[in-house]
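As given, the protein sequences belong to chains A and B, one line each in that order. Per the working numbering, the first sequence starts with residue 132, numbered consecutively. Per the working numbering, the second sequence starts with residue 162, numbered consecutively.
One or more of the hints may lead you astray.
Claimed, not checked - Result set (EDC-like, lysine to aspartate or glutamate): computed pairs, CA atoms no more than 20 Å apart in a straight line:
#, chain 1, residue 1, chain 2, residue 2
1, A, K282, B, E176
2, B, K171, A, E270
3, A, K335, A, D347
4, A, K219, B, D389
5, A, K294, B, D177
6, A, K305, B, D380
7, B, K171, A, E275
8, A, K268, B, E176
9, B, K392, B, D380
10, B, K509, B, E497
Said to hold, decoys possible - Part of the chain A face toward chain B, derived, beta carbon under 8 Å:
#, residue
11, F200
12, F238
13, Q262
14, L264
15, V274
None of these hints come from the bench; they were simulated from the model. Computed from a predicted structure; not experimentally measured. Virtual Cβ for every residue (Gly too), placed ideally from N, Cα, C.
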Amino acid sequence: MLDSVEPYTTEDGRKIGGVVMEMKNITLRFGGVTAIQDISFDIRDGEIRAIIGPNGAGKSSMLNVISGFYNPQEGEVFYKGEKRPPMKPFQVAQQGIARTFQNIALFEGMSVLDNVMTGRIRQMKAGLFAQALWKGKAEREEVENREVVEKVIDFLEIQHIRKTPVGRLPYGLKKRVELARALAAEPSILLLDEPMAGMNVEEKEDMSRFILDVNDEFGTTIALIEHDMGVVMDLSDRVVVMDYGKKIGDGTPDEVRTNQDVIDAYLGVAHD
Amino acid sequence: MFYREAGDFKTSYAEDSQTFPIKFDRYRYYAVLVIAFAVVPFVINDYWVNAVFLPFLIYAIAAIGLNILTGYCGQVSLGTGGFMAVGAYACYKLMTSFPEVSILIHVILAGGITAGVGVLFGLPSLRIKGFYLAVATLAAQFFLVWLFNRVPWFYNYSASGQISAPERTVLGVPVTGAETAPWAAYLVCLLFVTASALVARNLTRGMAGRKWMAIRDMDIAAEIIGVDPLKAKLSAFAVSSFFIGIAGALFFSVYLGAVEVGEAFGINKSFLVLFMVIIGGLGSIFGSFAGAAFLVLLPVFLKNLLVGGLGWPTDLAAHLEFIIVGALIIVFLVAEPHGLAQLWRVAKEKLRLWPFPH
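For reference, chain B alone in the conformation it holds in the complex (with noise of 0.2 Å):
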């Protein structure tokens, strides 16, 4: 009753492939837009955006991203943090340089940037598979950021070797810089949310996802049925790292304003997206969303709880904070392997049918 397909025909292949088949599915989805782009905004206030919204919108592209390549095309990467630094110096450089030209239009090039960058770092995916590449991708890691830190050029010279971005409009409303208000920084990354999500889900539906997918499950008839693995490969590090390039440039530009290369894209963020592709369901970009939610969220309720609620010391509350989140992850990769994606689609299954299961 609740959840239902029955009477949802389809008279076209068209309508069958598309994104949300069941209507059902299809209405929710616009309700998340409208609410998403039309009620948020106007309710939310600067707690909530920076502590909340835009980590875990900004997540969600770096996760969809990770996901492509780890759960769709089934390399696995620890370079994320390298590859978000690439996107928020490149941002950095193009903002500089260019005043003039549109911040929305830096981050979509910075993307592009760091999709060469990754597939340069993508290229020992062609001979070594499994933990052998991400030891590779690892260096790749740690060669980026100590390339930001120590080539004065991508830091502009500044003294403090930070960079900061200076402040750019988009449509006469500030994005960047102190003077941006929540809503703004809000729908900034919402909208290149909603593009990434949209490109990602049509790549991995058609012919580019089928071919990433053939990689991971079984490379060797992947290449007997006609799939170039060279291609394959390197365009799934490609698209992957132009979203995860597209999250750096906005953690660096909306997010955070100010950067130190160390401490913002260093090999602890590789490994918090990997954790929110694992939790949230490898292959999935639903997945994806979940994943960023629950570890921005669960750290955000935890304190809220045990300082505000309970009125613990913060440093206890801390420490707690750590355990919890620690714990629930092994439990749920043990409960549940494949993620909050799969939990998601069992209660779907569940669903379908209640509440009259015969």
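For reference, chain A alone in the conformation it holds in the complex (with noise of 0.2 Å):
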């Protein structure tokens, strides 16, 4: 079944469709250290693709390749089946590729609603002078985008902070704002980078289940780092573990469970 780039339909009925994002023998080094190592996978368009590997494995570069932070030394990146060539961060944004952070990243001193709205930049193309009077595209783009806005802030359940200054959410919250920034620009490809990270069980359920809903009525394609190995079985239809740079498997979650590799990273044997 993975060998194949024939769209296939998941056994909860979910389409799977061809291969949107390809990485190609990337290999990322930051001086003498070499963070990623020759990696190939691909990322297939409606599936939830999962990234692990121990702490250090290179993940959280993986994904800064993917969203044009990092740009790799080696290796070609293609995007809807063309070859991305080395891109400034805002122009992949531009491209429609939306992420998340590790440690949040949002902007404190603006309101929720406003958060929610930068993530509409690629939608809003009213110039400055229409702006500065509030009227024609400016004042309709402001409606139309803030009703998808809306449904967003609705569909993710955080309508009573609509106007709180970020600043002061609770850190859970603040996770979920910002998963709602990236919803916002209705991305291609939605990156996570650990989106439960310091949750406790109640809180992973709830972003499990949103993580689940975006791309079950979205279809949103999304590839996600995560350390929770339970959640990243249960949520990914396929998972690319990596250790020490180095992709050591590939597959579904049932593949990689019983990869002796994989076990060996994660339990632990003598690396020689």
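Put the two chains together into one complex, using the hints given.
See the structure below:
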């Protein structure tokens, strides 16, 4: 099943399409340290793709390569069938790749609503002059995009804190607002960097439900990094396992679980 | 009772995102506008206009401009005085080169020219931040003042090196020059203040403002979600300088009438406007007005109190004035670092329920 790129339908009835993003032989170095070594994998339309691995395996670096924050020394990134030239992060965002951060990166001085509205940057094109007069395109865009944003706010159940400055919110809600901001962009790929870090069991359950719902209702392709193995195995369609910057496993959760290299990396054997 | 929003429901997003979503605020704003436009011009005299209203209105425009750059976009600037000088000299050159064109258009064009200069001096902000950027804008301050002092073309080769505003009229009423009636000067400035505040408010509640605030709060995250830092920072510099240029043009043409650049637009001006923004409240249009009012009115008030009320000698009063204003600024920053705008916000929170807190 994994070797074919034919669209298929999962057991719970979601449609998985062709390859949206393909990483080919990516190598990323920081000076003498090789963070990622010759890694290839792909992300298919509509799936939930997890990247797991022990601390320092290079997962976050991988996500940063996808979101354009790092440019790899070697290897190629293909997005929607086309090779992607080296890009600035904001250009990657303009292409429709949204992400959240391991350490929340919200705009603390702005209200929740304004934070989520910033997710609509790609869709709002009115010029400075129109905005200054608050007429025509600017006013229209503001209302139209507000409607989209309100749907996302409803969906993530954060209506009650709409006008609250983000700085005042507790951790769990901030995580949800950050997800809302990424979702508001209507991304073709959503990257989640440890969406459940530092959460208790209930919050994790909530977040898992949101991730599944997002994927199910909007058909959003999701790539996520997560440490909680139980969560990863439950949520994802396919898993990439990294260790020391190398890929040691790739496949469905069941395949990965029985992979000897993965078991070694997690349970620990002597590295020679 | 005094201040309530209960029952004030919104049924559309346009209504919810308007400038004053609460009915009470909206009516108060209309009331202030009516009084400012229809009542004040008939009752003010020369003293009030020159000591209080003109400086307050003009500094309010400059403070709005600096607030957009520093308060909304997080880029510290010490070049305000220099940019005001650009506005003043641009206005002067336009007034003397095209005497037939309306002064109102000249002032707006002067703002546009200042915006261009602001963008030029904003370029370093793409690589440097914080204190280092402040020092870079300080270079703009000194360079611009030097330029207007040294290149005679800017002051039309006048012997004194000063520029003085020729008489110009709006609808037949002189608004610059010696013949200007106090109410006419007041109305021109009020017109520009109102327009500036509206435009600034529209920009800051829309996507432009969100991009600026995103850069201010966390520039890396802003870039990741798709804000082009180059465009966002430079547009902030442009808009900010536009307002500051208008303020400079009015300061020269309507308020002072004749200007020597080092005196009128020196580094002191930059600090004064920066204090206004900090005391009024960073990232607040209301704060710009509050800060300008505070720093313009307080010295006038103290002078009247000490010299007029208590009969102290003028020089003693002048020294005391410095001490008191300085001390108040420090007290203020310690007690409420977010400025007068935050005090106002807190007061409104309390008044929502007053006098029945439960």
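Status of the hints after comparison with the structure:
Between K282 of chain A and E176 of chain B the alpha-carbon distance is near 18 Å, which keeps this suggested pair within the 20 Å criterion. In summary, the hint linking K171 of chain B to E270 of chain A is supported, as the alpha carbons are separated by about 17 Å, within the 20 Å threshold. At most 20 Å may separate the alpha-carbon atoms for a hinted pair to count; K335 of chain A and D347 of chain A meet this at roughly 18 Å. The straight-line distance between the Cα atoms of K219 of chain A and D389 of chain B is roughly 9 Å, inside the 20 Å bound, and the hint therefore holds.
Restraint check for K294 of chain A and D177 of chain B: satisfied, since their Cα atoms lie roughly 11 Å apart, inside the 20 Å limit. Between K305 of chain A and D380 of chain B, the direct Cα distance comes to roughly 18 Å. Compliance with the 20 Å bound is thereby established for this hinted pair. Distance hint between K171 of chain B and E275 of chain A is fulfilled; the C-alpha atoms sit about 16 Å from each other, no more than 20 Å. For the hint pairing K268 of chain A with E176 of chain B, the CA-to-CA distance comes to about 17 Å; that is within 20 Å, so the pair holds.
For a cut-off of 20 Å, the pair hint linking K392 of chain B to D380 of chain B stands: about 13 Å separates their Cα positions. Proposed proximity of K509 of chain B and E497 of chain B is supported: the alpha carbons are some 16 Å apart, at most 20 Å. A hinted interface residue such as F200 of chain A counts as satisfied when its beta carbon comes closer than 8 Å to some beta carbon of chain B; here the least separation is about 7 Å, so the hint holds. Look at F238 of chain A: its Cβ gets to within about 4 Å of chain B, closer than 8 Å, so that hint holds up.
A least Cβ separation of about 5 Å between Q262 of chain A and chain B falls short of the 8 Å threshold, and the interface hint therefore holds. The closest approach between the C-beta of L264 of chain A and any C-beta of chain B is roughly 7 Å, which is under the 8 Å cut-off, so the hint is satisfied. For the restraint placing V274 of chain A at the interface with chain B, the shortest Cβ-Cβ distance is roughly 5 Å, inside the 8 Å limit, so the hint holds.
Consistency with the previously given hints is maintained throughout, with no hint failing.
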